Amino acid sequence: MTAASLLARGLRRLGTHALTWGLTLSGLLLFTFLLSRLSPIDSALQWVGDHASASSYAQARLALGLDRPLPLQFAHYLGQLLHGDLGMSRSTSQPVLDDLKRVFPATLELATVAIVVGSAFGLSLALLSARYPGGAIDTLARVFALFAYSLPVFWLGLLALLLFYARLHWAGGPGRLDDVYLYTLPQGSGFLLYDAWRSGDRTLLANVLSHLCLPALVLALHACANIARLMRAGLLAEMRKDYILASRARGAGPWRVLLAHALPNAGALLLTVLALSYAGLLEGAVLTETVFAWPGVGRYLTTALFAADTAAILGATLLIGLCFILLNALADVLIHFFDPRSV
Amino acid sequence: MNRIRPLVLAGLLTSLPAWALTPAHTLVIAQSLDDATSFDPAEGFELSTVQAFNSLYQRLVQSDPAHPAVLKPVLAASWHAGADGHSLEFTLRPGARFASGNALRPEDVIFSLSRVIRLNKDPAFILGQLGWTRDNVGRFLTRTGPAKVKVAWTADVGPAFVLSLLSAPASSIVDARTASAHEIDGDQGNAWLKTHSAGSGPYAIRSYQPHQALVLSGNPLSPAGAPRLDTVLIKNVPDPAARRLLIEQGDADIARNLGPDQIAALQGKPGVTPLAVPSASIHYLAFNIESSNPVLKNPALWEAARWLIDYDNVATTLLKGQFAPHQAFLPLGFPGALKERPYHFDPERARAILARAGLKEVNIRLDVNNQPPYLDVAQALQASFAKGGIRLNVVPAVGSQVGSLFSSRNYEAIWTSWGPDYFDPHTNASAFALNRNDGEKTLAWRTGWQIPALNAKTLAALKQTDPARRARAYESIEREVQRNSPFVVAFQSRNLIALRSSLKGYVQGITPDMVFYDKVSK
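Sequences listed follow chains A and B, in order.
The first sequence begins at 13 in the numbering used here and counts up by one.
The second sequence begins at 70 in the numbering used here and counts up by one.
No lab work stands behind these hints: they were computed from the structure.
Predicted model only: the values in this text are computed from it and were never measured.
Treat the hints with care, as some may be off.
[As the list claims (entries may be wrong)] To spell it out: a stretch of chain B is covered by chain A in this simulated footprint if at least three of its residues, at any positions, have a beta carbon under 8 Å from a beta carbon of chain A; those stretches are: (1) 279-293; (2) 301-309; (3) 317-327.
A virtual CB, placed ideally from N, CA and C, is assigned to each residue, including glycine.
In isolation and in its complexed conformation, chain A is listed as follows (with noise of 0.2 Å):
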């Protein structure tokens, strides 16, 4: 193959993603949008109050659109969007845009720190299954995965705080910071780790991770879980084909087996695995969020559909889904790259 059909079929690819994408991503403005228009939630009456006269209510309407056909408001809002204009969100009184900047970090960090420790603890397990399956340490992996995936996160995350933080005092409380630092630092990137690595300063780092700490654990608990049910059956499921036999005819040890030939052939699973956990959880983890007062984008989004800001609404969920097809989208190259015959 030239180098120019290699090119023009990368391309094509890309051109059919990129349409995917996009129409993806509008069929989910769409879906948010008539959503919060159809919901029984009157937004002009949240907005000028129980007591507003008829004349100002009217007029609320007309501010907010609410007196066009739905058709012309969603084409409004896209038309804006293109100027790169998410609206302003009522409930904060501040620009959408500048609200999921401050907000994303925050949901970015915790979810960046739960999908590597839940990773690495959850491909661990996987592997120990898939090594002795049926035995003790399998039972064992199987059990607490089970455990782990079905306690309510919230309820984990109280426990945590009142045991790690109320008794032992190992963990720092809800929030990302103690009051002596927050609000007297500088604004830095809003993610606190690098922040705090960037300022040399150690106890600050240390009172960041202490806070991080459990929200993160709680999280990759949760993700831990999830990972290593699914790898442990990807994984049996390779070890019982043809090639497996082969390579142990030749003489290759149980753990060279595993880690050489099974778990590579199990990689577009693993990525696909992990790609749809992390998504999941930078869609910000309400629940987590609001026990550890976490200012994330999960709980900016059920601020605002319990204030039915519409604006706020759309603009979160644009973010939740661009990074749903970033990351499913990098999840396809590299499984190309490391699989070349799945197209």
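With chain A fixed as given, assemble chain B onto it according to the hints.
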């Protein structure tokens, strides 16, 4: 300095034990800030923002928190009523300054009161009751001397009522020069004041991060005097159980909006003082006469419902002191509040009333906010009404949705609450006992209750100038609503909060704005 401060603070932190108390000069408050949308007094009408106004701004006159019916001069030194009965002239407090250093002028008063009407936001209706509109408000506010301002009105109300309105948070006096300097497109500084302050209160906003934290700095120039603690940090902790842990650990000095469970858990804990502060919030049941369910317009149903609430059980067992039984629309603490409680839980009597009226197999849909304590009480009502033969179909939803159903009269029955907007009996009387069908969606309108005679009584009480007679007039109106109306007022709530025991000087009054941090020390 910015580089040094974290190091100093870090040093301070490492010298404290792991379960450190809050910084010595900072008051740390854990509460929900999710409702806050605007700290502009002409706009903010949510619990969190209203609670901040007394720290940020002052009014001409304000209620004494210990005796709310008594108005004391604050930014006004004195006032007198005009001979026409439709005006008041105020002499401003000499030497009063805003946090910016600007001196208080009559122009600031005129700017502040007129912008409430001109911006026409949520609280505009309060001053709108004086007959002020966008076009005419300028004529009613005049400078009569270097430190004198005249406030006039056309509405048929007495000076005492006008003073009550001027003591409402919406009547806070804003520094006109600072606000105007931040004006965008003729908004009179509204966009800027949503997240900043320009007042003369004991504190000023240092920084506000929406849904995260509000930080206030002491204002040494305040006519109220410099506050004892120079920083107040109000942080958003949305979960009440987490707020309880923070106060228990000493990581917060005050925890607000706790539930009965948190208060029960904090009882007897060393270093923490749980409190139930009386609040002016009234919880009631409303029936929609206009709905398609014919039983709801039947006064026999209204009466039976009054005997089907297990008042004492809900207040003491279910909500452990968060509610007190109360059966009149004016909360205790307001002038004219009716203490009588003629109803108790008596399902037999309710059954007899329904049978006499020929009402059988009554089914009613009850819309309710899905948050505590609303849903808990609605479930208790479902059980107690069933004993009287009424089936309540409880439908929980988010608060904004329930509010929309209520104000569009698209419901059968609703269990909800009402809080006064300013300290005068008319605030509640105009909600429960006034329905002029003039486009104003009063609570009486929302139930479809037609009451021409009661309207007249409510408006007459508003004009009454003698305080004792006025109180009696409201008692009589309350009695009518209590005995025969589509409203069943059942409880007055209490604010459940917890303080660190070392805290001194914290004052909280009956209405949401009566929160004072300036005398707090620890």
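Here is how each hint holds up against the structure:
Only residues whose beta carbon comes within less than 8 Å of a beta carbon in chain A count, and the region 279-293 of chain B has 5; three or more means the coverage holds. Interface restraint, the region 301-309 of chain B with chain A: holds (6 residues with C-beta to C-beta distance below 8 Å; minimum three). Given a C-beta distance limit of less than 8 Å, the hint that chain A covers the region 317-327 of chain B holds, as 3 residues qualify and 3 suffice.
Checked against the numbered hints above, the structure breaks none of them.
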